[in-house]
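K.L.:
Now for the letters of each chain:
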Amino acid sequence: MQDPHLRRHHDMGGLDAGPVEQGEHVYDPWEKRTDAIMRLVSDKNRRLMTVDELRRGIEEIGPNVYDEMTYYERWMTSITNNLLEKGVIHVDELGRKMAEIEARWRAAGATGE
Amino acid sequence: MSDSHSHDHDHDHDHLHNPHGPHPYQPDLEDAPFTHCQLMAEAVGELLIEKDVFSADDLRAMIELIDSKSPAEGARLIARAWLDADFKARVLENVNDAATELGIDAGTIPIRAVENTDTVHNVIVCTLCSCYPRLLIGLPPDWYKSRSYRSRAVREPRTVLKEFGTHIDDNIEVRVHDSTADLRYLVIPERPQGSETMSEDELTSLVTRDSMIGVTTL
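Those protein sequences? They're chains A and B, same order as listed.
Residues in the first sequence are numbered consecutively from 1, following the working numbering.
Residues in the second sequence are numbered consecutively from 1, following the working numbering.
One or more of the hints may lead you astray.
To be verified - Just so you have them, the derived chain A footprint on chain B, three or more residues with Cβ under 8 Å:
(1) 49-57
(2) 79-90
(3) 121-130
(4) 145-152
Calculated directly from the structure, the hints in this document are not laboratory data.
In this text, a Cβ means the ideal position worked out from N, Cα and C, and glycines have one as well.
Sequences are here, hints too, so could you generate the full structure?
P.N.:
Spelled out as structure tokens, the structure:
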């Protein structure tokens, strides 16, 4: 086994872990939306980011947060960070937009975490 | 969340046309609190639409495309390969090109086919994340992306396979293929005994997603 200090947290091949839980997953709409956004921004017409950049963004998520996040939470975090880095979207407009949507959803009766 | 909420799936900006009010759309989870990342997905999508990076229709069409992909396309490829040795040779040479022959778009990232025989059993994994031949067999199951599968499939594949109810004899070599963003794999399962007289459609219906990942046999 390689030196654990050289291993990053996403690089888990060969480590110990519990049994594989085989339940099937029904994808939430927001998860499909995240996947669709990624495919659109990385397609050959737009080329705003690549799969490698998606992965790099996922691998940069800190070890504890990485383990707490679901799969598409990691994706959405990486996509957003990549688009912010590239200046495709800006942090202030993202903040405004998220606040606006949160207010809209709460007005419709939803509750946030 | 149950399928009964699927009516909410095509919500993107439908509120503009909805007679029930300006914002009838509820977040996906009427029965669970929404999360920071869900808000982010909604917000980033709306911003990209406002900036004309893509349109709301583009986004809807892409979600429909994702929904339309299933293991059926991969299964069709496998059944043809079983029936046509020349085609199988082309699949082993280049899956993406062979899929095109069947009118299947397997994308531009190379997919390598690995064939199960009476001496070799192949299994695919992506230890680093979740690379998977999505365009041939749909979105990966959760367990494929799980820590347990990613960690253990490369170290104790026979034990992992047993958890899927798959026993591989000791005299059969197990090969584990670790996928990357640049190269994915597809397992060609062994054609089951007793299928000799079956039609191509019947054979197609035998091929399961898990057999093309290699965690089960047929």
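K.L.:
Count the residues of the stretch 49-57 of chain B with a beta-carbon closer than 8 Å to any beta-carbon of chain A: does the count reach three?
P.N.:
holds (count 3)
K.L.:
Tell me if chain A covers the stretch 145-152 of chain B under the three-residue, 8 Å CB rule, please?
P.N.:
holds (count 8)
K.L.:
How about the stretch 121-130 of chain B: do at least three of its residues have a C-beta closer than 8 Å to a C-beta of chain A?
P.N.:
holds (count 5)
K.L.:
State whether the coverage of the stretch 79-90 of chain B by chain A holds or is violated, taking the criterion as 3 or more residues with Cβ-Cβ distances under 8 Å.
P.N.:
violated (count 0)
Violation of the numbered hints given earlier is confined to hint 2; every other hint is satisfied by the structure.
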